[in-house]
Amino acid sequence: MRQFTQLHGRAVVLPVPNVDTDQIIPARYLKATTKTGLGAGLFAGWRYRADGSPDPAFLLNRPEAEGAEVLVAGDNFGCGSSREHAVWALLDQGFRAVLAPRFADIFRNNAAKNGLLTVELDRDTWQEMVQRLEAQPDAPVSIDLERERLGFAGGPEVSFSLDPFARHCLLTGLDPLAYLLAQEAQLDAYEAAHPPRVDTLAAEGEAR
Amino acid sequence: MTAPRTLFDKIWDHHLVSAPSEPGMPATLYVDLHLLHEVTSPQAFAEIEERGLAVRRPRQCLATMDHSTPTDPGMNLVRLAGRDAAGAAQLTRLAENCARHGIPLLPLGDARQGIVHVIGPELGVTQPGMTIVCGDSHTSTHGAFGALAFGIGTSEVAHVLATQCLLQNRPLTYEIAVDGRLPAGVTAKDLILTVIGELGIDGGTGAVFEYRGEAVAALDMEERMTVCNMSIEGGARAGLIAPDETTFRYLAGRPGAPRGESWDAAVEAWRRLPTDAGAAFDRSVRFDGSSFAPRITFGTNPGQSIAVDGTIPDPSAFDEQVRIGVEKSLRYMDLEAGRPLLGHKIDVVFLGSCTNSRLSDLRAAAAVLAGRRVAPGVRMLVVPGSEPVRRQAEAEGLARVFTEAGAEWRQAGCSMCLAMNGDRLEPGQYAVSTSNRNFEGRQGPGGRTFLASPLTAAASAVAGAIADPREMMA
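These protein sequences, in sequence, are chains A and B.
Residue 109 in this note's numbering sits at position 109 of the first sequence; the count goes up by one each step and never skips.
If you want this note's numbering, it's the position in the second sequence, counting the first as 1, plus 1000.
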């Protein structure tokens, strides 16, 4: 998995509450069978006009958004569908971290599996960050995951805290599937003690 | 004696392959049943194949095609390839992956194909006390059987394919009690829209809901599925309802259900699942179901709803974050605060989706439509949740009621719920939909969705405008 230790870059601010995964990437972009190239569908409903041309008013189409690695989003970001394509689209666009007051559970889990950092900020810090970055869009943002510190627009650093396992995986690049596979002995023991509850092949055959 | 436990606690404890090694680390949870579909699985199969891993328990997996499948009568994979090459390629990929790994698949054209959350219960492979996952957030549907069921991302689909396990942090458990009896014309859909409207779309973040109370116990299995289905729209990854005689009656004799002595033993075990008296929830919320009314959304998330005969709320009545959201919703919907929704003209009615596409949903809508016509200029799409539902509805004469009323009768699939299979709204159109999400563009770019029950949808189809179903019920 992609490691994350530090980031020094710029942010774009989208302080809208309840941005659902259909906004992050609409279902019509989900016919992909790979994880790449999904950035083209990122925020497609807001980013493109009806004729398919980029809407210059939308923040991702503005020059200052070029090269931004941090997205400052609103409350309950990523609610709705479980599509991991939402995370892949953000990464494909170049984002490495999303900061918001709170994330929806499945989005946060999906982000953690792909090296996309999600940081939950207390309401006051978030509000201040939004105000400062809206006033000064090219202000620098720095994130230090080891120390769990965030700095923006030259102000004093603030601390944040991440789920310990997600932090460990990000810092070390530990792959959660490898972590699971290492539990083979416990899994064998569990299965030996708990016979399967269903046989989908038999059920499917019988329903034929 | 052990401490009293909730239904959730019992399922969680039983499925622990390993407890957290230290605080803050995840538990390893065993998965009894893994459901798959074409959209969220191809990258997962690629992931395990790149690592040289096998599917650990293919006979605990079941796949179907539903999201990208067209619902036009007579459509199949060959004809789809000419119209939607990417969709057809995705379906073909699923078929190849399932064949290579020995996973049972109900493909497009199969007599048992349907929406993943309709076919699991229908086949009887969804059972009380199980853990069930799928790369789809509406996996919460299966909680209606007292199973811990939740949606996962594609990385986790790969984890389950390879290990039949998931790394999970223990969620909180909220009690959602609905007392009393629902009034006539008020359905399970109205119940869950009301609950989400009160708690907010993030009210359940980090939690599992257990629905209880007289109004919930009185629901049949299909109604319970509607309620649990929309748990995710309240932010809760899973919703649970304790198994009871209603559950056992539904499951008895289904292809995947235990037989003979195994059935008796299973029922005995299932009877021990309900939450013990005195067990603690992290939060409890009570509602009076007898005060509920038919409910409809006015905004662009499922938490923004009102009684069908109510008025659109004034954004300034809310705190800032909610106000921003409501203002944005009303702009997108082109609706005005303080006005009623009753009588608002509509273009499309969609009856279908994993929320409301089962036989009882079709029967309810057909009862309203019988002897009536869909209003001129309104397109009504009726999409059964599975091919068995379609055949049964045809045998019962429901399909004829729909077609005689002027509605389109389709093949099974997700259809217009998410607009990735050819069925979609045109920009600016208004639809009353029995699906679960009214997000901007969800049913097609620029489309505007009012979520409601099958009764409200049918009544609105007849009126050509948002209508109160209680006025059309004999």
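What the hints contain is simulated information worked out from the structure, not anything from laboratory work.
Since we're looking at a predicted model, the values are computed, not measured.
For every residue, glycine included, the Cβ atom is placed at its ideal position computed from N, Cα and C.
Some clues are possibly wrong.
Unchecked claim - Derived, one-sided and incomplete: chain A residues facing chain B with beta-carbon distance under 8 angstroms:
(1) Gln3
(2) Gln6
(3) Asn61
(4) Glu66
(5) Asn114
(6) Leu180
(7) Val198
What the hints assert, rightly or not - Over the 10 angstroms line for every Cβ pair with chain A, so calculated as not near, a few chain B residues:
(8) Arg1079
(9) Asp1084
(10) Glu1198
(11) Arg1271
(12) Pro1313
- Violating hint indices (sorted, rising): Numbers 1, 2, 3, 4 and 9, in rising order.
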